[in-house]
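Student: Spelled out from the first residue to the last, the chains are:
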Amino acid sequence: MRDQSTHIVSGYDNDLKSLTHALTELGTLVSEMVDGAMRAFKKRDSVLAEKIIARDSDANKRQHKIDEDVQRIIALRNPVAQDLRRIIGATRIAADLERVGDLAEGIAKRALLLNEEPRIDMSKSVYRMGKQVRKQLSGALDTLLKEDAISALHYWQADSDIDDLYNSIFRELVTVMMGDPRTIPACAELLFVAKNLERIGDHATNICEAIYFTAKADQLINDPSLAPMMQDPGVRKTL
Amino acid sequence: MTDKIKFKCRNVRVQYGDLEALHGIDIDIADRGVTAFIGPSGCGKSTFLRAFNRMNETIGGAKFSGQILMDGEDIYDPSLDPVLLRARVGMVFQKPNPFPKSIYDNVAYGPRIHGLTETQAELDSLVEKSLRRAGLWEEVKDRLTEQGTDLSGGQQQRLVIARAIAISPEVILMDEPASALDPIATARLEALIEELKTRYCIIIVTHSMAQAARVSDKTAFFYEGDLIEYDDTEKIFTNPDNQRTQDYITGRTG
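Chains U and V, in that order, give the protein sequences.
For the first sequence, my numbering gives the first residue as 33, with consecutive numbering after it.
For the second sequence, my numbering gives the first residue as 17, with consecutive numbering after it.
Note that these hints are calculated values from the structure, not bench results.
It should be emphasised that the depicted structure is a prediction, and the values quoted were computed from it without experimental measurement.
Be careful, since some hints might not be right.
DEER-style ranges, computed between Cβ atoms [said to hold, decoys possible]:
no., chain 1, residue 1, chain 2, residue 2, range
1, U, I40, V, D42, 25 to 35 Å
2, U, L177, V, T254, 51 to 61 Å
3, V, E210, U, D90, 14 to 24 Å
4, V, I75, U, E100, 48 to 58 Å
5, V, N258, U, S50, 25 to 35 Å
6, V, G58, U, S37, 13 to 23 Å
7, V, Y32, U, I40, 22 to 32 Å
8, V, T254, U, S37, 17 to 27 Å
9, U, I253, V, S141, 53 to 63 Å
10, U, F202, V, E210, 49 to 59 Å
11, V, D87, U, L108, 43 to 53 Å
Pairs of lysine-lysine residues, derived as BS3-like cross-links and limited to a Cα-Cα distance of at most 30 Å, are as follows [to be verified]:
no., chain 1, residue 1, chain 2, residue 2
12, U, K178, V, K79
13, V, K251, U, K49
14, V, K24, V, K251
15, V, K251, U, K248
16, U, K163, U, K227
17, U, K49, U, K75
18, U, K97, U, K49
19, U, K75, U, K141
20, U, K227, U, K83
Even for Gly, the Cβ is constructed at its ideal location relative to N, Cα and C.
Assemble the whole structure, with the sequences as input and the hints as a guide.
Tutor: Shown next as structure tokens:
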């Protein structure tokens, strides 16, 4: 858990607070982008998709700002121990969030293309997967605010559900394409959407790993509660 | 850093009158390496440092109890001459304190009173060797007759280290050796410490956390007369076990 004691130099506290604030804002922005992209996808709303695409440059700018802040804090404040991990974590998380923005932009672009194609049934499954991924992402962002290792572990483990979902959608789409080659253009776009969602889930797990490291000074995969799972060679391979 | 223990301290207490400055410290200090003592003012770190060469005895009213063994030998044994102990355990202070003598005589002083050399040539070579080890030789070799006090602060501090080295000590205690030095002189001093630690057991008290992190192998954190945490420096500055240590090194109020 985030400790409550304050630095003697209050400017240092303010630096760290504004860093967390900037991360949260970037997190909110890219979550909205994922939300919007999935809505544009579901409602076949090309105007909304264009709006989402336009927001990506804002996400990039925010990430750059966080990198600059981190550089300044390291240079001026000499952070050590948990402060240092929090700051390193911030750059990693910002990079992950920026990628989430890119992937949301990608989904919006696919939505534009899909809107040119006849609607196919599989869209509903992909949309449901999107809901799951958004839950993962907002869980990771909530975990970030609390800096809570237990919550980080929880969301990290939940990612395997998304992977399963992706694999089953993949198989179904291939079946649909084989059944009716006219669906191939739409199904191919759907595959990309599903893949992007799956990647967003991975970034959410990366964020959980960074939070865990900040809190515990150890890697999440070394957590004792994961030991039985880590011995399973099938699981290890997918890491 | 070797695993060999130089000092074994057990239940070390130092009292100034009614006030107990150290409440029973247990610690093992490794030979051939740098151990840093950190902690806020008044935590007892300097008092503890001065216990290693019985410097506290020069302060009226300071009372020592407990045990400090150096290579197994009790340094508080009444039959042990503190002057001889201080020849084995040298000390460098916050403010450089060269004698008001020539650079040469500053370094030659110890060997002369302890009768370490027999001929002038031997003494000359010992002075040169000591100044070289202190990283000062190149800067002063042509002006050995000049006053030690005329050197810059950083040079004076290295001169004092050369003076300490000249009598072949086993241990060098440093009490905030860089606090009066500019960053360049500090860097030179730290480079020197890095080099000296292959030959000596070095204990350094510093208020600069960054300095402790840079120069030491082990770090001991003191707070209000207690040893709170003692571990590898890397551990102390990345993931200390104790919340007080974490608060102190990250600059938080406890």
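Student: Compare the structure with each hint and give your call.
Tutor: To see whether the hints hold, each was checked on the structure:
Distance hint check for I40(U) and D42(V): the Cβ-Cβ separation is about 30 Å, which falls inside the suggested range of 25 to 35 Å. At roughly 24 Å, the beta-carbon separation of L177(U) and T254(V) lies outside the given 51 to 61 Å, and the hint is violated. Separation of E210(V) from D90(U) is about 48 Å and departs from the stated range, judged on CB atoms against 14 to 24 Å. One distance hint, 48 to 58 Å for the beta-carbon pair I75(V) and E100(U), holds here, with the actual separation near 51 Å.
Taking 25 to 35 Å as the suggested C-beta distance range, the pair N258(V) and S50(U) conforms, at roughly 29 Å. Between G58(V) and S37(U) the beta carbons are some 20 Å apart, a value that agrees with the proposed interval 13 to 23 Å. In this structure, Y32(V) and I40(U) meet the distance hint of 22 to 32 Å, their C-beta atoms being roughly 28 Å apart. Range check, T254(V) to S37(U): Cβ separation about 19 Å, and the 17 to 27 Å hint holds.
Take I253(U) and S141(V): their Cβ atoms lie about 59 Å apart, and the range 53 to 63 Å holds. At about 57 Å, the beta-carbon gap between F202(U) and E210(V) stays in the expected band of 49 to 59 Å. A C-beta distance of roughly 45 Å is found between D87(V) and L108(U), which places it inside the suggested range of 43 to 53 Å. Between K178(U) and K79(V) the CA atoms are separated by roughly 50 Å; this puts the pair beyond 30 Å, and the hint is violated.
Restraint check: the Cα-Cα separation between K251(V) and K49(U) comes to about 26 Å, which is no more than 30 Å; the hinted pair holds. A threshold of 30 Å between alpha carbons decides the hint, and for K24(V) with K251(V) the separation of about 22 Å falls inside it, so the pair holds. For a cut-off of 30 Å, the pair hint linking K251(V) to K248(U) stands: about 13 Å separates their Cα positions. The straight-line distance between the Cα atoms of K163(U) and K227(U) is roughly 14 Å, inside the 30 Å bound, and the hint therefore holds.
Of the supplied pair hints, the one linking K49(U) and K75(U) is violated, its CA atoms being roughly 38 Å apart against a limit of 30 Å. The straight-line distance between the Cα atoms of K97(U) and K49(U) is roughly 14 Å, inside the 30 Å bound, and the hint therefore holds. Using a Cα cut-off of 30 Å, the hinted pair K75(U) and K141(U) holds, with the two alpha carbons roughly 14 Å apart. Of the supplied pair hints, the one linking K227(U) and K83(U) holds, its CA atoms being roughly 22 Å apart against a limit of 30 Å.
Violated hints, listed in ascending order, are 2, 3, 12, 17; each of the other numbered hints is respected by the structure.
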